[in-house]
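Q: Starting from the known structure of chain A, fit chain B onto it as the hints suggest.
Top to bottom, those sequences are chains A and B. When we follow my numbering, the leftmost residue of the first sequence carries the number 1, and every step to the right adds one. When we follow my numbering, the leftmost residue of the second sequence carries the number 1, and every step to the right adds one.
Treat the hints as calculated values from the structure; they're not laboratory data. Careful: at least some of the hints might be erroneous.
To be verified - If you anchor each label on the Cβ, the simulated ranges turn out as follows:
#1 427(B) to 159(A): 20 to 26 Å
#2 343(A) to 427(B): 23 to 29 Å
#3 129(A) to 225(B): 22 to 28 Å
#4 188(A) to 129(B): 29 to 35 Å
#5 236(B) to 143(A): 55 to 61 Å
#6 414(B) to 60(A): 41 to 47 Å
#7 340(B) to 343(A): 36 to 42 Å
Note that the Cβ used here is the ideal one computed from N, Cα and C, for glycine as well.
2 protein chains.
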Amino acid sequence: MLRTITLAIGVACAALPAFARDQVSDFTLDNGMQVVVIEDHRAPVVTHMVWYRAGSADEQPGVSGVAHFLEHLLFKGTETLEPGEFSATVAANGGRDNAFTSYDYTAYYQRVAADRLELMMTMESDRMVNLQLSEEDILTERDVIIEERNQRVENNPGALFREQMSAAQYLNHRYGVPIIGWRHEMETLDLQDALAYYTQFYAPNNAILVVAGDVQPDEVLDLAQKYYGTIPANPDLPERTRPSEPPQTSARRMTFSDPRVAQPYLTRSYLAPERNSDDQKTAAALTLLAEVLGGAQTSVLNQKLQFEQQKVVYVGAWYSGTSLDKTTFNLTVVPVPGLSLEEAEQELDQAVADFIETGVDEEQLDRIKMQLRASQIYARDDVEKMANRYGRALTSGLTIADIQTWPDVLQAVSSEEIIAAAEMVFDKRKSVTGWLTATDLTAEEITQ
Amino acid sequence: MLRTITLAIGVACAALPAFARDQVSDFTLDNGMQVVVIEDHRAPVVTHMVWYRAGSADEQPGVSGVAHFLEHLLFKGTETLEPGEFSATVAANGGRDNAFTSYDYTAYYQRVAADRLELMMTMESDRMVNLQLSEEDILTERDVIIEERNQRVENNPGALFREQMSAAQYLNHRYGVPIIGWRHEMETLDLQDALAYYTQFYAPNNAILVVAGDVQPDEVLDLAQKYYGTIPANPDLPERTRPSEPPQTSARRMTFSDPRVAQPYLTRSYLAPERNSDDQKTAAALTLLAEVLGGAQTSVLNQKLQFEQQKVVYVGAWYSGTSLDKTTFNLTVVPVPGLSLEEAEQELDQAVADFIETGVDEEQLDRIKMQLRASQIYARDDVEKMANRYGRALTSGLTIADIQTWPDVLQAVSSEEIIAAAEMVFDKRKSVTGWLTATDLTAEEITQ
Numbered sequence: 001m002l003r004t005i006t007l008a009i010g011v012a013c014a015a016l017p018a019f020a021r022d023q024v025s026d027f028t029l030d031n032g033m034q035v036v037v038i039e040d041h042r043a044p045v046v047t048h049m050v051w052y053r054a055g056s057a058d059e060q061p062g063v064s065g066v067a068h069f070l071e072h073l074l075f076k077g078t079e080t081l082e083p084g085e086f087s088a089t090v091a092a093n094g095g096r097d098n099a100f101t102s103y104d105y106t107a108y109y110q111r112v113a114a115d116r117l118e119l120m121m122t123m124e125s126d127r128m129v130n131l132q133l134s135e136e137d138i139l140t141e142r143d144v145i146i147e148e149r150n151q152r153v154e155n156n157p158g159a160l161f162r163e164q165m166s167a168a169q170y171l172n173h174r175y176g177v178p179i180i181g182w183r184h185e186m187e188t189l190d191l192q193d194a195l196a197y198y199t200q201f202y203a204p205n206n207a208i209l210v211v212a213g214d215v216q217p218d219e220v221l222d223l224a225q226k227y228y229g230t231i232p233a234n235p236d237l238p239e240r241t242r243p244s245e246p247p248q249t250s251a252r253r254m255t256f257s258d259p260r261v262a263q264p265y266l267t268r269s270y271l272a273p274e275r276n277s278d279d280q281k282t283a284a285a286l287t288l289l290a291e292v293l294g295g296a297q298t299s300v301l302n303q304k305l306q307f308e309q310q311k312v313v314y315v316g317a318w319y320s321g322t323s324l325d326k327t328t329f330n331l332t333v334v335p336v337p338g339l340s341l342e343e344a345e346q347e348l349d350q351a352v353a354d355f356i357e358t359g360v361d362e363e364q365l366d367r368i369k370m371q372l373r374a375s376q377i378y379a380r381d382d383v384e385k386m387a388n389r390y391g392r393a394l395t396s397g398l399t400i401a402d403i404q405t406w407p408d409v410l411q412a413v414s415s416e417e418i419i420a421a422a423e424m425v426f427d428k429r430k431s432v433t434g435w436l437t438a439t440d441l442t443a444e445e446i447t448q
Numbered sequence: 001m002l003r004t005i006t007l008a009i010g011v012a013c014a015a016l017p018a019f020a021r022d023q024v025s026d027f028t029l030d031n032g033m034q035v036v037v038i039e040d041h042r043a044p045v046v047t048h049m050v051w052y053r054a055g056s057a058d059e060q061p062g063v064s065g066v067a068h069f070l071e072h073l074l075f076k077g078t079e080t081l082e083p084g085e086f087s088a089t090v091a092a093n094g095g096r097d098n099a100f101t102s103y104d105y106t107a108y109y110q111r112v113a114a115d116r117l118e119l120m121m122t123m124e125s126d127r128m129v130n131l132q133l134s135e136e137d138i139l140t141e142r143d144v145i146i147e148e149r150n151q152r153v154e155n156n157p158g159a160l161f162r163e164q165m166s167a168a169q170y171l172n173h174r175y176g177v178p179i180i181g182w183r184h185e186m187e188t189l190d191l192q193d194a195l196a197y198y199t200q201f202y203a204p205n206n207a208i209l210v211v212a213g214d215v216q217p218d219e220v221l222d223l224a225q226k227y228y229g230t231i232p233a234n235p236d237l238p239e240r241t242r243p244s245e246p247p248q249t250s251a252r253r254m255t256f257s258d259p260r261v262a263q264p265y266l267t268r269s270y271l272a273p274e275r276n277s278d279d280q281k282t283a284a285a286l287t288l289l290a291e292v293l294g295g296a297q298t299s300v301l302n303q304k305l306q307f308e309q310q311k312v313v314y315v316g317a318w319y320s321g322t323s324l325d326k327t328t329f330n331l332t333v334v335p336v337p338g339l340s341l342e343e344a345e346q347e348l349d350q351a352v353a354d355f356i357e358t359g360v361d362e363e364q365l366d367r368i369k370m371q372l373r374a375s376q377i378y379a380r381d382d383v384e385k386m387a388n389r390y391g392r393a394l395t396s397g398l399t400i401a402d403i404q405t406w407p408d409v410l411q412a413v414s415s416e417e418i419i420a421a422a423e424m425v426f427d428k429r430k431s432v433t434g435w436l437t438a439t440d441l442t443a444e445e446i447t448q
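Pulled out of the complex, with its shape left as it was, chain A reads as follows (with noise of 0.2 Å):
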C-alpha cells in the first residue's frame, strides 16, 4: 500500500517541470504591520489570520503561561463585542475560527466565505487593541487553561516527561519552559499580568496580516489599510532578542519515573542550528537527516532496528528548523518487551554511528527528496496550510523568499552535506538523554 502511494506520488512529481511559485503578494502599512496575501481562487472561501510576534518565549520570568492565557482572553470581550460573540458571530456567518499559542508566535485565524472578509477584519483589528477584561475573566479562564493544562500534560506522563527534558535540555533561553506554562506559575496569573503581555506585544508594528483564498490582493491591501493601518503603531515594542545559550558542555541524562507509563521509551535531544534567512543549508541538511534516519517505515533506523534487528517496536527522527532561535534535533526509540532502555540507547547509538560510518544511500535520499516536492506540491493545494507555513516562518525569522526557496534548498542537500550535518548536531555534550519508565527506578539502578 505505501509502495504504491510511493510510486503514485513519484510520477506525478516527474510530470511537474519545477516548482510553480505561490502566488504570493507582501505589502507593509504604514503602521509596520506586514500585509501577505496568498491567493488560491478554486474556491470561494478566505482564510483571515492576524499572527503575531509573540509567543510563549517572549514572556517575563515568572508568568509562564501568559501568552497562551492571553490568547484564551482575546475571546473575552471588546468595546464593542460582548463575550463570546467573536466567535458567535463567525460560527453564525458559516465560518469556524480559533487561535493557537507556540514559542515564538500566537495566532488567531478564522476560515469564512471570502465576502465576509471585511467582517473579520473589523471585529480581529477590534480586539488588537480594544480587549476588555474583567477580574472574573481572569479567574474563570485560569480555571479553564489549568484544566487544559491537567488534560495535556498532567494526565500524560510523555508531556511531563517531555517539559522536563526541555527544561533540562536550554540552559538559558525561555525554550525550556514549557508554551502551557509552569502549573504554579499559571496559579498565579493575574489581569495585570495579561495586560502587560497584551500591551506590549500586541499592535500592529508585531503583527503580520495573512490572507488566503479567493482574493484579491490590492482588495485585501485596501481593507488591511482601512481596519488595521488605523491602529497606531507602538513606539515601545522592544527589540526581539531572547537570553541564548551558553555553551552546552555536558551530556545529560534523567530518568522519569510514572506507574501510568503503559510502555517506557527513550528519548535522545540535541541542540541543533535553526533556519535563518539566507541561511538554510544546514536546517535542510537536518532535515533530510531526520527523514534519512526515522522519517518513514523505510528510513535508517527503522530498517535496522525494527526489522532486521527487531529490537524496537518503534523509532523516529525528528527535527523542526522553523525556530527564531536554537531548536532540537530528536531521536526516539520504544524497546521492544524484554529489551532495557540500556541496550536500546546502546542499539540506537549503534545504529547512528553505523549509519555515519556507512554514509546515505542515494537511491533512499533520492526518494526522499521526490516525497519532500510531492508533499509541497500538494501542500499548495491546502490554502489554509498554506497560510499557515507563511505565517509560522514570518514570526521565526524567516522571510517569504526564505520561504520559498527552502523546497529547492532542500532539494540541493548532498549525502556528504546529510553526514557533516549528523556529525555537527550528534554531539553528547549538547545533548539531553531521557529514559521515561513505569516505575520508580531504585537507587541502585539509577545508579548504573
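A: Showing chain B alone in chain A's frame:
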C-alpha cells in the same frame, strides 16, 4: 593535632553556660532603610557595610552578570568623587574596602578606624544614588569582569562543571545562571543595562546598613539619618519574588569532560529547602546532616569511604541554608586512582543508604553540636564575620530574631530529625549527578 584542637574547644564550651546574645540594635529609617548596629568595643575600629537586597538572581533575563558588573562600576565616580577616589580615600585613612555579589545580595564594605565612620557614610550614601558612568567606564570595566570570568571560570574545569550542574539543577529559577554571568551575555552588557539595575535596586528602601565595632547605636543612627535618611525611597521598588521551581520529577545526570582535569570526581546535588523566617528546623537538620555525613575527617562518609574502604581520596557533604529561595545539598566524591566514577558513585549511594539504615551515632552528634557551638562563639570574636552573617541572613529573607535563635535551633536537632531530613532531601528525582572527567568519553562510555 586536630584532636587536640577539638578537645580544647570542648573545654572552652563546657565553661560557657549558654549562648550570650549578640549586642545588636536594629532600626528602620523613615525611608525604609534598615540599620543594624553590632557593638564590639574591644578595638577602636568599625566595619561599615551596605547590603542591597539585590543579587544576580534579581537580574532580568539576558543580562546575566549585570549585578556583579554594577558592583565593579560603583568604584567609578559620582558627582563629587573621581573614579577610584573612593578606595583611595579609604586607604588614605588607613582602611580597606571591597565589595561582593552573590545570588541574593550585593554588599559594599569598609573597615576603618572608628572615628572615620562618618566619612565612610558620606561616600557610601553618595554612590547609592549619584553614580556617574561614562561609556568608557563601561568598556573598560566590562573587559575587567570578562577577564575575571576567564580566570575564575574558563580556566577552571571544576568551575565550568559547577556552572553546568547548577543550570541543570534549576529548571526555572535564576540560581541556575552563574553570578558572574554567562560569558556571551557579559560581552553585551552596556551602560543602559547597568543603569537599569542601579535605578531599580539601589535605594534606601532596598538596603541594609550594618555597622559593627566600636560604636554607639544612637550615634550610628544619627549619622545614618543624616547621610542615608535623606535619600528618598524608590516608590517603584518591585516586590522581591523570583520565578520558582516547578516540581522536579526527573533524576538528571551529566558528564563534563575537559583535558585539563587532573583528578576526576563526581558531585551529586539535590534541590533542598532553605532557612525560612520562623521556620528553620528543616534547614538546621540539613546543616547537621551535612556535618554528620561529610563535614570533617571523622564524618560518616569519610570514615567509611576514605579510611575503612580506602575507595576515595576525598568525600564531602555541603549545605548552606542561607538563601532566599530553594538551595542545594551537595555530595562530592573523588575516587582513588583506578576506581571508576561509576564504582565510586555506587559506593557513595551504598554508604548513604547504610547511614539512613543505621541512624546517627549520638556521640558523633554531640561532638558536632559542641563544635558548632564553639565555632559560633569564636565567630563572635570576629566582628567582621558577625557583620557578614547579619547582612547575608537579612538579605536572604531572615530576621535578626532568626539569626539569634539559629544556634539554639541547631542544638535542638535530634538524630531522628537528621534521618528524616536525609530521607526527605535524598530524592533522586530532584537531583543532578555530575561526572567531571579528564577525557572526552566515547559514545559508548557515555551510554553505559
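Q: Determine for every hint whether it applies to the structure shown.
A: We went through each hint and held it up to the structure:
1. 427(B) to 159(A): 20 to 26 Å: 22 Å, holds
2. 343(A) to 427(B): 23 to 29 Å: With a Cβ separation near 27 Å, residue 343(A) and residue 427(B) satisfy 23 to 29 Å, so the hint holds.
3. 129(A) to 225(B): 22 to 28 Å: 49 Å, violated
4. 188(A) to 129(B): 29 to 35 Å: 33 Å, holds
5. 236(B) to 143(A): 55 to 61 Å: Since the Cβ atoms of residue 236(B) and residue 143(A) sit about 32 Å apart, the hinted range of 55 to 61 Å is violated.
6. 414(B) to 60(A): 41 to 47 Å: 44 Å, holds
7. 340(B) to 343(A): 36 to 42 Å: At 20 Å between Cβs, range violated.
When held up to the earlier numbered hints, the structure conflicts with 3, 5 and 7 and fits the remainder.
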